[in-house]
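Visitor: The whole structure should be built from the sequences, with the hints applied where relevant.
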Amino acid sequence: MQRESSSGYITRAPRSSGLADVLEILLDRGLVIDAFVRVSLVGIELLTVDLRVVIASVDTYLRFAEAVNRLDLQQATDAKGLPDLFKKGGEEMAEHESKGAVEGGMDAIKEKIGLGGRGGDDDEDEEKGRSRSRSGSRSNDR
Amino acid sequence: MTRLYLYGITRPREMPDRIAKDGTSLVAADGRAAIVSELEDDRPVEATRRNLLAHADVVERLHEDAVVLPARFGHVLESKDEALELLAVPEVEQLLQRHEKTCELTLKGKYEERVFAEVGAELGPLRNAYRAEPSFEAGIALGEAVGEQLAERRSRDESLVLDALDPLVREVVVSEPAGELAAFDLALLVERDRVRAIERAVEKLAERLSPPLHFKLVGPLPPYSFVRLALPAVA
Chain A
1 MQRESSSGYI
11 TRAPRSSGLA
21 DVLEILLDRG
31 LVIDAFVRVS
41 LVGIELLTVD
51 LRVVIASVDT
61 YLRFAEAVNR
71 LDLQQATDAK
81 GLPDLFKKGG
91 EEMAEHESKG
101 AVEGGMDAIK
111 EKIGLGGRGG
121 DDDEDEEKGR
131 SRSRSGSRSN
141 DR
Chain B
1 MTRLYLYGIT
11 RPREMPDRIA
21 KDGTSLVAAD
31 GRAAIVSELE
41 DDRPVEATRR
51 NLLAHADVVE
61 RLHEDAVVLP
71 ARFGHVLESK
81 DEALELLAVP
91 EVEQLLQRHE
101 KTCELTLKGK
111 YEERVFAEVG
121 AELGPLRNAY
131 RAEPSFEAGI
141 ALGEAVGEQL
151 AERRSRDESL
161 VLDALDPLVR
171 EVVVSEPAGE
181 LAAFDLALLV
191 ERDRVRAIER
201 AVEKLAERLS
211 PPLHFKLVGP
221 LPPYSFVRLA
231 LPAVA
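Chains as they are written, first to last, in the numbering used here: chain A, 1 to 142; chain B, 1 to 235.
No wet-lab data here; the hints were simulated from the structure. Some clues are possibly wrong.
[Said to hold, decoys possible] Partial selection, computed: residues in chain B whose CB lies under 8 Å from chain A: (1) Leu53; (2) Arg127; (3) Leu142.
[Unchecked claim] The following residues of chain B were derived to be distant from chain A, with all beta-carbon distances above 10 Å: (4) Leu26; (5) Glu40; (6) Glu60; (7) Leu69; (8) Pro90; (9) Lys101; (10) Ser155; (11) Glu158; (12) Asp166; (13) Glu203; (14) His214; (15) Arg228; (16) Leu229.
None of these values were measured; they are calculated from a predicted model. Virtual Cβ for every residue (Gly too), placed ideally from N, Cα, C.
Guide: This is how it looks when you write it as structure tokens:
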């Protein structure tokens, strides 16, 4: 399915992975043929409004300020030679927080379009993952 | 009359077993074919997780071997005749020819949180003021400045990436990146035999820009972002 590059900064996937990718692509892109086909859909009209996370809000600014301050303090403590453990904890927390912000948005969308809960998502992701590893190895053979 | 769900348009071909057994078939005429499956009733198509993933699976699987113009999710044809009518539109043939050997790669960039430390380094006085007294006003002042720095950083990195990839791509769709730490969101139209070159170019970019930038490269996909049809609207 997905693999990380040796440097760890590139995620490579041969196919759209998971609902987030697919939602964005299938509802926002693709051939639209008004003259010939009727788009016959239930419950996704608000998607384009919510998918893009808007940045300019008071709440966002306060979080930015907090993040800069926290990372700043963290660097200062690093310089004083506190144990790595301390720094690690901070980074992990940061990772969780930023993930929460983005995924929260997607969850809200999924809820609105009735795509069900998180539990089901995980199950099916595994299923999808298996079929992808096959296509991945095919492309390596070429 | 049976209604048909439209996945996309391709060239007439053998359907892989895995796809055929799910009831997906081709309506073909004159070297063009609509990828469809029969709908059992008159209800609208529901945008469920299962349906969305199935649609992506069909067009992406078929695109592995040959051109596919993927339809947006939710298109329904009223009859087989309507499918034939669609295939006869000249623009459809033009798009098929244009995409005979292309694919789409999506490239997204996202910053690690440490980008805040980097943009914050420029903002000493505001940062000190906030640390001395973390008031609402000081927070907004600092946060706004961080937002501006981040926007500049984003646009700089997006330009660097676009410049580096420009010689390798036929066309690019640039979208507004989604998420506070997102850096850019690009759809690249490339020749299928250029995928490896793009991968190498992204590796080079990562050497320059990572950390704090993370790249996510997906594809080869059907040309989802490059199949705009300019058909006259029929009343």
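Visitor: Would the non-interface assignment of Leu26(B) survive a Cβ cutoff of 10 Å against chain A?
Guide: holds, 16 Å
Visitor: Going by Cβ atoms, does Arg228(B) stay more than 10 Å from chain A at every point?
Guide: violated, 8 Å
Visitor: Beyond 10 Å on every Cβ pair: is that true for Glu40(B) relative to chain A?
Guide: holds, 14 Å
Visitor: Is the claim that Glu60(B) lies outside the interface with chain A correct, judged by CB distances over 10 Å?
Guide: With a cut-off of 10 Å, Glu60(B) comes too close to chain A, as the shortest Cβ separation is near 5 Å.
Visitor: May I ask you to check that Leu229(B) keeps its beta-carbon over 10 Å from the closest beta-carbon of chain A?
Guide: violated, 6 Å
Visitor: Tell me if the interface restraint on Arg127(B) is satisfied: Cβ within less than 8 Å of some Cβ in chain A.
Guide: Holds - the Cβ of Arg127(B) comes within 8 Å of chain A, reaching about 6 Å at its closest.
Visitor: Does Ser155(B) sit more than 10 Å from chain A, CB to CB?
Guide: Nearest chain A Cβ is 13 Å from Ser155(B), so the label holds.
Visitor: Let me know if the C-beta of Leu53(B) comes in closer than 8 Å to any C-beta of chain A, holds or violated.
Guide: Hint holds; Leu53(B) Cβ to chain A Cβ min 6 Å, cut 8 Å.
Visitor: Would you assess whether Glu158(B), listed as outside the interface, keeps its beta-carbon beyond 10 Å of every beta-carbon in chain A?
Guide: For Glu158(B), whose nearest Cβ neighbour in chain A is about 15 Å away, the distance exceeds 10 Å, so it holds.
Visitor: Determine whether the non-interface label on Lys101(B) survives the test: each CB of chain A must be over 10 Å from its CB.
Guide: Since the minimum Cβ distance to chain A is about 15 Å, Lys101(B) lies beyond 10 Å and the statement holds.
Visitor: Would you settle whether the hint for Leu142(B) is holds or violated, based on the nearest Cβ-Cβ distance to chain A being less than 8 Å?
Guide: holds, 4 Å
Visitor: At 10 Å, judged by beta carbons, does Asp166(B) keep clear of chain A as stated?
Guide: The claim stands: Asp166(B) keeps its Cβ more than 10 Å from every Cβ of chain A (closest is about 19 Å).
This entry does not satisfy hints 6, 7, 13, 14, 15, 16, going by the numbered hints stated previously.
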